[in-house]
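**Student:** Okay, here's what each chain looks like letter by letter:
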Amino acid sequence: MKHALLCILFSPVLFGSLHAQEEDLLSLLGEDETTEMVDASFKTNRVINFHSLENTAGGVLDFKIGHRFGTLNGGAYELFGLDNASIRLGLDYGISDAVTVGLGRSSFQKTYDGFVKYKFLRQSTGKKEMPISAALLLTSAIQTLRWPDPDRENFFSSRLYYTTQLIIGRKFSESFTLQISPTMVHRNLVRTNAEKNDVYGTGIAGRFKLSKRIALNAEYMYLLPNQVADDIKPSLSIGFDIETGGHVFQLHFTNSTSMIEKGFITETTNAWADGGIHFGFNVSRVFTVVRKKPLNADL
Amino acid sequence: MKNGIILTVLFLLVFNGKGSAQKYFTKSAHVAFYSDTPIEKIEAHNTTSNCVFDLATGRIEFSTLIKGFQFEKALMQEHFNENYMESNAFPKATFKGQIENYRKIDPTKNGKHVVLVSGDMNMHGVSKKVSAQAVIEVKDGTIQSSSTFQIAVADYKVAIPSLVKDQIAKSIKVTVDAVLKPLSK
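Protein sequence lines correspond, in order, to chains W and F.
For what it's worth, the working numbering labels the leading residue of the first sequence as 1, then goes sequentially.
For what it's worth, the working numbering labels the leading residue of the second sequence as 1, then goes sequentially.
Each hint can be trusted.
Here chain W is said to cover these stretches of chain F; the calculated rule only asks that three of the stretch's residues, wherever they fall, bring their Cβ under 8 Å from a Cβ of chain W:
(1) 22–34
(2) 50–60
(3) 77–83
(4) 155–168
Straight line, CA to CA, 30 Å or less: simulated DSS-like cross-link-like pairs of lysine-lysine:
(5) F:K92 x W:K212
(6) W:K212 x F:K170
(7) F:K67 x W:K127
(8) F:K170 x W:K292
(9) W:K209 x F:K157
(10) W:K127 x F:K92
(11) W:K127 x F:K27
(12) F:K165 x W:K292
(13) F:K157 x W:K292
(14) W:K209 x F:K170
(15) F:K181 x W:K127
(16) W:K209 x F:K92
(17) F:K92 x W:K128
(18) W:K212 x F:K128
(19) W:K128 x F:K27
(20) F:K129 x W:K212
(21) W:K292 x F:K173
(22) F:K157 x W:K212
(23) F:K67 x W:K119
Everything labelled a hint here was simulated from the structure, so no lab data went into it.
From a predicted model like this one, the values you see are computed outputs, not experimental measurements.
We put the beta carbon where it would ideally sit given N, CA and C, even for glycine.
Next up, chain F with everything else stripped away, as it sits in the complex:
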């Protein structure tokens, strides 16, 4: 009987321990977006996004500070924060979702996997269901994930005045690159 108890406790400890080790994170994910129109090409980069991925459940979450996006032109950056994204009222964009076929990711074996991610994107006070294809690469104990997808400006209630409507694309290309390391806790 005693052995049974010890086994159970051990099992729980091991399971718990394994549970934490299966989470991966980064605080320097690179999120970029591109607005491409014949009149103007706009791009901005943010290299301080947070991401946590739980290998045990396939859940993945991102958080990006809107003010952390860097533009080539200072005035664009000011307008982006002040007029379009209203970053004082809505400082962060988050994505909380699920990698659907996460079970095929083996953290002990190097390899590339194409997966489908879907979940809730929240920014500018609007939450929307989104899904996109992503590439997950296991490389020497790290998990590298990258994805490219489109989002519609109108979906997130970002008002574009008619004066500049030809300069800003209706659909914005977003790229995400993250190198995740095991979260030890």
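Chain W with its partners taken away, still in its complex shape:
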């Protein structure tokens, strides 16, 4: 009899445990461990002039229009720089999510440029954790101004510039990203003996999201001493990213006239302190050239 009572006493426990399971059926499957890629550390693949941690996605073409007005210290006579403008038109294409290539042409010094960017580390959380993203950037530039002195012997190689840059960064939170970019710029021809052909420096850049679609960006290029002429200043730019669907508008202030590595790193002559500041904008418009295969609806 006692045993029977025990049974009756126990049965609610058993039923109870059964019932408790029904409260959350999904927990029966256990927690799935997935790896999540940390994306969108910047709105586009440029901070302002610098390349950002982001790549153009595979199969996507990104048409870039870069524009820099003259400097603010031109005063009212130059309408604070608006009378002058320098432009760069560019096309970036994502061969894959990891590899982006690009071509561009700047009106400043009539320069053509090309780059390859390989993102070899992607920040991720979850099962496979990776604290940082990292990319290798290789660029080259061909300056096509007429020779200043056609009588001397001029070499085509004197027009060439190369940049090697490592970009390492982390999206610390939804709104804050920081990256550093150790850089080497090689110039085949320099103006004086005092200038080095190889120039080393490190860039630092960050972005702070002000809202879902607006971000504040800043970038600064530090050069090791005694490599470039005395009148060369470090490049400093501050601006906003404004994203509207397929476009990203970047509005900024910068002391660099050039929009490509060899230019803003080794040829920035204006200083913020003297009002040598350009107002400028970049417009990025993306086109999906190769659509990702839609998943089979019968899966």
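Following the hints, complete the assembly by docking chain F onto the known chain W.
**Tutor:** Okay, now just chain F, sitting in the frame of chain W:
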């Protein structure tokens, strides 16, 4: 008396055992949605959704990772996660509900049943009561369920800026397809 105890214990064991076997699950349910406007057609697919169905009680639950939705365009996917669904803050969408006329589903007999499912849909931090018709098909020991329903973007506090309001439908068509296998535990 002893026989009685043994019977009771046996009954409990059998009942318990039957209770687990009556649960069905999948980790690869296909959830898709379609936004259709004259300007733009958008669709996204997720084939890694979890679903558990308890045949004994008629309860059914789904869980879908927002980041698992794949779009044709990379930028859409980025905006979907970053601007609209805010998947870092709200990583999952869940549905926990009840199949109303579940008793007519016999897992031992192949056949199709039209049922009504209703329950709570939770996504983007908002929980809403929803109900939809679904087709449950028993086929060789598996339970295949599929359903199509509409959800209103505004119900889940997903803000659409006026600039793109003509590109994104106010009502989104959602389809769910799941092939559930017995959960052995």
